[in-house]
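From first to last, the protein sequence lines stand for chains X and D. Residue numbering for the first sequence follows UniProt numbering, beginning at 1 and increasing consecutively. Residue numbering for the second sequence follows UniProt numbering, beginning at 1 and increasing consecutively.
Check before you lean on any hint, since a few could be wrong.
Label-pair restraints from in silico Cβ distances [unchecked claim]: (1) R367(X) with G152(D): 32 to 40 Å; (2) N141(X) with R113(D): 51 to 59 Å; (3) R309(X) with G282(D): 49 to 57 Å.
Derived from the structure by calculation, the hints contain no laboratory data. Treat the numbers as computed from the prediction; the structure is a model and nothing was measured. Don't be surprised by glycine CBs; every beta carbon is placed ideally from N, CA and C.
Chain by chain, the residues run as shown.
2 protein chains.
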Amino acid sequence: MDSTQPLYQRLASHYRHAILQGALTPGERVPSVRTLMRVHRVSLSTALQACRELETEGLLEARPRSGYFVRTAVRPALPPPREPDCVIDAAQYVGVHHRISEYVARRAASDVRVDLSVAVAASHCYPLDELRRAMGRALRNEAQWMVRGAPGQGHPALRAALARRAYSQGMTPSADDVIITHGCTEALNVALRTVTSPGDTVAVESPTYFGLLQILESLGLRALEIPVSPQTGMSVEALDLALQTQPGIRAVVAVPNLHNPLGSIMPDAEKARLVALCEARGVPLIEDDSYGLLADDDVPLRALKSWDRSGNVMYCASLHKTLAPGMRLGWMSAGRWHRRAAMLKFTMSRANEGLAQAAVADVLEARVYDRHLHALRLTLRRDRSRLAAAVAQHFPPGTRACVPSGSMLLWVELPAGCSSWRVFETALRAGIAITPGTLFSNTGRFEHYMRISCGEGYSPRVEEALRRLGAIVAEASPRATA
Amino acid sequence: MDSTQPLYQRLASHYRHAILQGALTPGERVPSVRTLMRVHRVSLSTALQACRELETEGLLEARPRSGYFVRTAVRPALPPPREPDCVIDAAQYVGVHHRISEYVARRAASDVRVDLSVAVAASHCYPLDELRRAMGRALRNEAQWMVRGAPGQGHPALRAALARRAYSQGMTPSADDVIITHGCTEALNVALRTVTSPGDTVAVESPTYFGLLQILESLGLRALEIPVSPQTGMSVEALDLALQTQPGIRAVVAVPNLHNPLGSIMPDAEKARLVALCEARGVPLIEDDSYGLLADDDVPLRALKSWDRSGNVMYCASLHKTLAPGMRLGWMSAGRWHRRAAMLKFTMSRANEGLAQAAVADVLEARVYDRHLHALRLTLRRDRSRLAAAVAQHFPPGTRACVPSGSMLLWVELPAGCSSWRVFETALRAGIAITPGTLFSNTGRFEHYMRISCGEGYSPRVEEALRRLGAIVAEASPRATA
Ligand SMILES: Cc1ncc(COP(=O)(O)O)c(C=O)c1O
Ligand SMILES: Cc1ncc(COP(=O)(O)O)c(C=O)c1O
């Protein structure tokens, strides 16, 4: 527990943990304010503040004259998704571009009124005023960056700030190890191009972020899909098997923290095993940590990179989801491929522009950044519980989902035989955007899955859209399971 | 002639033309101020202003009590470089990365006091105040771009401004045809990846910009080097021959306006032939117009793209050299490959950030942009003549060079047998940076060439460095040609 936190937050954190771990179950009454005061030796106002905090987060609800109860909707009555079979699929992604283009074109041609397809929070969730002030300062003090190229790896202040912050995730990069990129997208391109050649095979998660599949296809890389557990992330067993049986795997890409679309977080022991396995087999491990800082708990999730002893892990991350969706800043720490990665970044787009980097460095060093992250996590958690509760209420039997402990995404398994592409098309006609499961894999395995997001927030309109969506799913499902 | 120009500028323009065309020769006396007044029906102050303008540009010199004379140093007493042999070299650029890394590392390890290696003007030559003000306005009016992704192809205002300006170069793109990129570097990557696959062959100029060779190597592309004439640019004959005899050429890349390093400008007739040839042979033509707006004359040079009727030309350009070296903005108009190019840009780095684009759009629409370009051209022309004059004076016999009509580069042929890499190393020890010819080709043909630049300006220190450089060249040359 962070001793610099106010007392009420520490108290809230304690009970939050209890609720999320299941020690306090939905519907259960929490200790009364009086009990809290006595047991924890805190003042009335501290005890009350802690309860209100948990109420705001949607974890507790106050019942008149009875005290605080764990909200029943927190854990929706959704059965958890099934663990995946340990099947490995080799596939060259010749069709992903086409499917994604189709998806993008359909969306663009539609009048989307409720957008459940975003992989980012609503813009009002980001600290615009702070960013604007920081940019104003950069403009006063460092405007010369507009007419002068920044150093190849990026602005020294931003690299230093990112390196410092990485310590909390268990990494120990120096500023010199950091390469600033145009988003995590460019970092992934650089990382893949650093260690692969066209025609090579790369092991990825199944399902995985469709942007990654697009990058693979555009680079002429083949992909091998490794199953992901909703609970523990990429299956290290399946990967081990693949590395032993499939020739020519040149890299592994994993999203260990708050996977897109599953939301899974690899337990530390699994992370350590994954790093050790790739190391032992001499296969570079590319880590995409775009969402790591959006975990519900303020205690940072460890990066795979923090177990890396030999420089075999190439860490990639983004400021898109956490701080500034419009600023196109990402970064990487490429381990022992640092020199080649820096050179490839240079041949792809030269150094990022300096001014925006100066501004963001400023914000990263300020306390407001942690406050922002804390508030963003609360918002996402609250809206995510509501989203999950609505799905539980409105979707037909046979629907399954696992509510992640962070970020904004919900990966929903629809009743068997329900085509998420059809759901996507029908929903779009009703002004609702979702992301069909077919985009997240080249196998047909996720046809009856879809990703929905609480990034744009939760409101009666969203509630209504989810009711509608539930009806669309029911209609698209082969038989109503009674 | 632009009738919105002040009268004295129009008058200066007239005589500038006469000098540059050779109608007035070095050392020749120009008509007296009194004659100018009479012949052109202008006031004394207008006539004087015109002469002073040309004096500032380094074209005229005032001799006490005798009037104005065409400067003798304007056309240095350098023999022009030889026209290239019509040889075509197929080569895979397996060594370019290594050579460039070596070059970069050596430079970085040295204390460079006089930098003659830049391909951009000094930062004080760019309109920092205007850019800063425009950024301030964008920050007040469009700060939301910091927390919102820009549309895939870029900020609408910037695309519209670039499309409008492109008209002056004979192109007629709509804003929808424009894709904003992270510099011309990213545009070239996108263009090449749009129409080639690893292993393919691309025809490029010889010599050519080493960044292009690096991109080719990083994409696994083979290059075929086509000779470039210092007078007329890429040899269309040689290209024609290559297209007939060499199988599998999938694209042609040309820098028709102010070639790097040669400075050549293709005459319009050659441009038209090049476009027609590529069209007829069904080979995509990638045009890199990074320097086109830096021609001495204010009349814009036409782009190859302006002859394109079938969408076979992919136009790429940069704002790096002309407006804002630190802002990493470039753009492309990809003809009939537009959709694939937009998709590849998206998979490489998503849309550029919106705020910087808004600011630059503002500057492009303002009159100050044309004034800035005009001033930049004058500065570069003046410094270029001085640079060439110093080379003529200080370099040993056997040195050849052609003084280009724009931009900041001078491509110098050293006496046969002189190794420019040795010159580079020796000069670096003396604190002087140049760019050795070996970087600009994979053939050994340019070992005894080097590129020097007046981008950082001209001063007594530069003069002294050129004297020193001449001595180094003389020492590195096999025998003193008496
Ligand atoms: C897992 C993952 N990686 C990378 C990205 C792209 O990051 P950026 O916007 O920084 O390029 C996303 C965006 O959706 C993502 O979900
Ligand atoms: C011919 C040419 N093209 C492209 C570039 C790179 O342009 P940018 O800085 O916009 O990426 C350069 C820079 O030196 C160049 O000389």
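Quick rundown of the hints versus the structure:
| no. | hint | verdict |
| --- | --- | --- |
| 1 | R367(X) with G152(D): 32 to 40 Å | holds, 35 Å |
| 2 | N141(X) with R113(D): 51 to 59 Å | violated, 27 Å |
| 3 | R309(X) with G282(D): 49 to 57 Å | holds, 53 Å |
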